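Fit chain B to the supplied structure of chain A, relying on the hints for placement.
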Amino acid sequence: MTDKVLMRGTHVIAETAIRAGCRFYAGYPITPQNELAEYMSGAMLKTDEGTFIQAESEIAAVNMVIGASMAGARAMTSSSSPGISLKQEGISFLAAQELPAVIVNAMRGGPGLGNIAPTQGDYFQATRGGGHGDYRTIVLAPAKGQELADLTIKAFDYADHYRSPVIILIDGMMGQMMEPVLLPEPLQLSDLPFKDWILDGARRRPSRIIRSLILDPALEEEHNWKLYRKYENISRELQIAETYQTDDARLVVVAYGTAARIAKGAIKRVREIGLKVGLLRPLTLWPFPVKAMEEASRFVKEFLVYEMSTGQMVEDIRLALKHRSEVHFHGRPGGIVSTPDEIAKIITSLYYRRGLEEEPG
Amino acid sequence: MKQIFQRPKYLKKTPFHYCPGCGHSIIHRLIAEVLEELDIGDIAVGVPPAGCAVLAYDYLDVDMGEAAHGRSPAVATGIKRTLPDRIVFSYQGDGDIAAIGTAETIHSANRGENITVIFVNNGCYGMTGGQMAPTTILEQETTTTPGGRSAAHHGHPIDLSEMIAITHGSVYIERTSVHSVKHILGTKKALKKAFNCQMEGRGFSMVEILSPCPTNWKLSPIDSFRRIEKEITKAYPLKVIKDLTIGEK
Numbered sequence: 001m002t003d004k005v006l007m008r009g010t011h012v013i014a015e016t017a018i019r020a021g022c023r024f025y026a027g028y029p030i031t032p033q034n035e036l037a038e039y040m041s042g043a044m045l046k047t048d049e050g051t052f053i054q055a056e057s058e059i060a061a062v063n064m065v066i067g068a069s070m071a072g073a074r075a076m077t078s079s080s081s082p083g084i085s086l087k088q089e090g091i092s093f094l095a096a097q098e099l100p101a102v103i104v105n106a107m108r109g110g111p112g113l114g115n116i117a118p119t120q121g122d123y124f125q126a127t128r129g130g131g132h133g134d135y136r137t138i139v140l141a142p143a144k145g146q147e148l149a150d151l152t153i154k155a156f157d158y159a160d161h162y163r164s165p166v167i168i169l170i171d172g173m174m175g176q177m178m179e180p181v182l183l184p185e186p187l188q189l190s191d192l193p194f195k196d197w198i199l200d201g202a203r204r205r206p207s208r209i210i211r212s213l214i215l216d217p218a219l220e221e222e223h224n225w226k227l228y229r230k231y232e233n234i235s236r237e238l239q240i241a242e243t244y245q246t247d248d249a250r251l252v253v254v255a256y257g258t259a260a261r262i263a264k265g266a267i268k269r270v271r272e273i274g275l276k277v278g279l280l281r282p283l284t285l286w287p288f289p290v291k292a293m294e295e296a297s298r299f300v301k302e303f304l305v306y307e308m309s310t311g312q313m314v315e316d317i318r319l320a321l322k323h324r325s326e327v328h329f330h331g332r333p334g335g336i337v338s339t340p341d342e343i344a345k346i347i348t349s350l351y352y353r354r355g356l357e358e359e360p361g
Numbered sequence: 362m363k364q365i366f367q368r369p370k371y372l373k374k375t376p377f378h379y380c381p382g383c384g385h386s387i388i389h390r391l392i393a394e395v396l397e398e399l400d401i402g403d404i405a406v407g408v409p410p411a412g413c414a415v416l417a418y419d420y421l422d423v424d425m426g427e428a429a430h431g432r433s434p435a436v437a438t439g440i441k442r443t444l445p446d447r448i449v450f451s452y453q454g455d456g457d458i459a460a461i462g463t464a465e466t467i468h469s470a471n472r473g474e475n476i477t478v479i480f481v482n483n484g485c486y487g488m489t490g491g492q493m494a495p496t497t498i499l500e501q502e503t504t505t506t507p508g509g510r511s512a513a514h515h516g517h518p519i520d521l522s523e524m525i526a527i528t529h530g531s532v533y534i535e536r537t538s539v540h541s542v543k544h545i546l547g548t549k550k551a552l553k554k555a556f557n558c559q560m561e562g563r564g565f566s567m568v569e570i571l572s573p574c575p576t577n578w579k580l581s582p583i584d585s586f587r588r589i590e591k592e593i594t595k596a597y598p599l600k601v602i603k604d605l606t607i608g609e610k
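Protein sequences appear in the order of chains A and B. The opening position of the first sequence corresponds to residue 1 in the working numbering, with each subsequent residue numbered one higher. The opening position of the second sequence corresponds to residue 362 in the working numbering, with each subsequent residue numbered one higher.
Isolated chain A (complex conformation):
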């Protein structure tokens, strides 16, 4: 039996994490995601041996997660943009030491202290590694309540499977919004995958070391290539995108997260006046769904990218399309959330400007 509940996004992630077997959470207060830590502070106490720590800093929080992960726990931290910047040292170490962990970033206005309104300004930081060194982080981009649950489960599975940090990239709007969600059945800890690399004391086995210091350049190069091969596998295996009304589309809007929901509303409006417009929505931002983009570009020559930033994902789209199609961009940074009407106007104006109403021939 699954439970259908009405829950805000941050609570969905927290509750699902616990049901996924997360037994360690450390965080530091920052708006707009405090409700996640607050939920964890109570819910973790009700689990067997679960730990909640309000850490002294974002840096301490992510390092506690590193320790918990070394010791074998499914571990998680959450924050918002400025706090995620502070966690980047730890995320680099998680990647280097091949430790699983889930990090939630409820993006807010930036750079600097910015504001607490929803944005997508951390796309580069999330998908390019964010911290120092030659690594990547799996980045999941849910857009609705049910996906917050589904992708949180997946985040822990991917983290364990690939021994890699996984970022769940949302914004304050998604964190606050209450939606009906079917929560998954709680997993038994005994059902979680066995880890043969954790640090739990060297009883009846040789001692283990988890490290990232590799002084010999030849060995560090080997380690980098090992990570690279893992990222190549992830790129092949993990691209997820969803399409909406793309079959007959002459223009496809590409957007993720909150922006994708707004774009979908806009597409419904322009479909009513006969414009053939579809939506392509990446659910993985790294690896970027290049295959879905290539597939779409076989029939569509006009793309409109909508982001709540001045344009970051648009670079990945241009790379994926290799100039085979026209890529247009519309962005609203700083915490401005467009209405579906605004995006519908942008779509309509572009549609006619590019002469897409005319039958091809």
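Source of the hints: derived by calculation from the structure; they are not laboratory data. Since the structure is predicted, the reported quantities are computational estimates derived from the model, not experimental observations. The C-beta atom is built at its ideal place from N, Cα and C for all residues, glycine as well. Do not rely on the hints blindly, as some may be mistaken.
Beta-carbon label-pair distances, calculated as ranges [stated by the list, open to error]:
1. 368/B - 112/A: 51 to 59 Å
2. 489/B - 134/A: 19 to 27 Å
3. 517/B - 310/A: 15 to 23 Å
4. 189/A - 604/B: 48 to 56 Å
Here is chain B on its own, set in the frame of chain A:
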């Protein structure tokens, strides 16, 4: 024939790489001896620092998880909370514990994390070439205090152990040294007591160990020992700074 000296069980058969006269190898050995004598080596997880002793895992034959500079107490917290029945210790230098990791140290202590911290104080950043550490004493010359550390220009040396002692969660803090056989034995006793505190679930225990760095002090090993005796112990007196077990049987 009775064997009276041997390699401790939890010390790997790897020659130490440390400079001649360095205290790390002595302290590593003491830890290995204590883990063996308390029979906790098989359930121990250590967290080495960034710094000279990052390579502690090349010598200590127990599970070891490396932390970023200053973050060892946070990493140790995560390990211990996940596996409360294991013995978790961090090994940290003065820059690690008293500069970049001050927040992690104070808050781990204040939360009363049931871990043991081994704080090696040699008054300089050894691995990076002997810059001023938070514990560098006044008038000491380092590569970043030419002419000696001055309170006016560089600030005062920090008494980290005394700071940690006023946190409510710390139970046992002692400052020892390894500059003579007597003090080496005292350090071992302190380490044993600190690990005992953890085994009894009492909370945060820490041993600060004054340790020579002949290379960066630009002294011979023997003169380094003399310097600890004459100068360093004046600034950092050897004593039990806090012991909440006193008064018990």
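Range hint compliance [Cβ, residue 489/B to residue 134/A, 19 to 27 Å]: 23 Å, holds
Range hint compliance [Cβ, residue 368/B to residue 112/A, 51 to 59 Å]: Holds, at about 55 Å.
Supplied distance hint 15 to 23 Å, evaluated on CB atoms of residue 517/B and residue 310/A: The hint (15 to 23 Å, Cβ to Cβ) is violated, given that residue 517/B and residue 310/A are roughly 47 Å apart.
Whether the CB-CB distance between residue 189/A and residue 604/B falls inside 48 to 56 Å: About 38 Å separates the Cβ atoms of residue 189/A and residue 604/B, which means 48 to 56 Å is violated.
In this structure, the earlier hints numbered 3 and 4 are contradicted, and the remaining ones agree with it.
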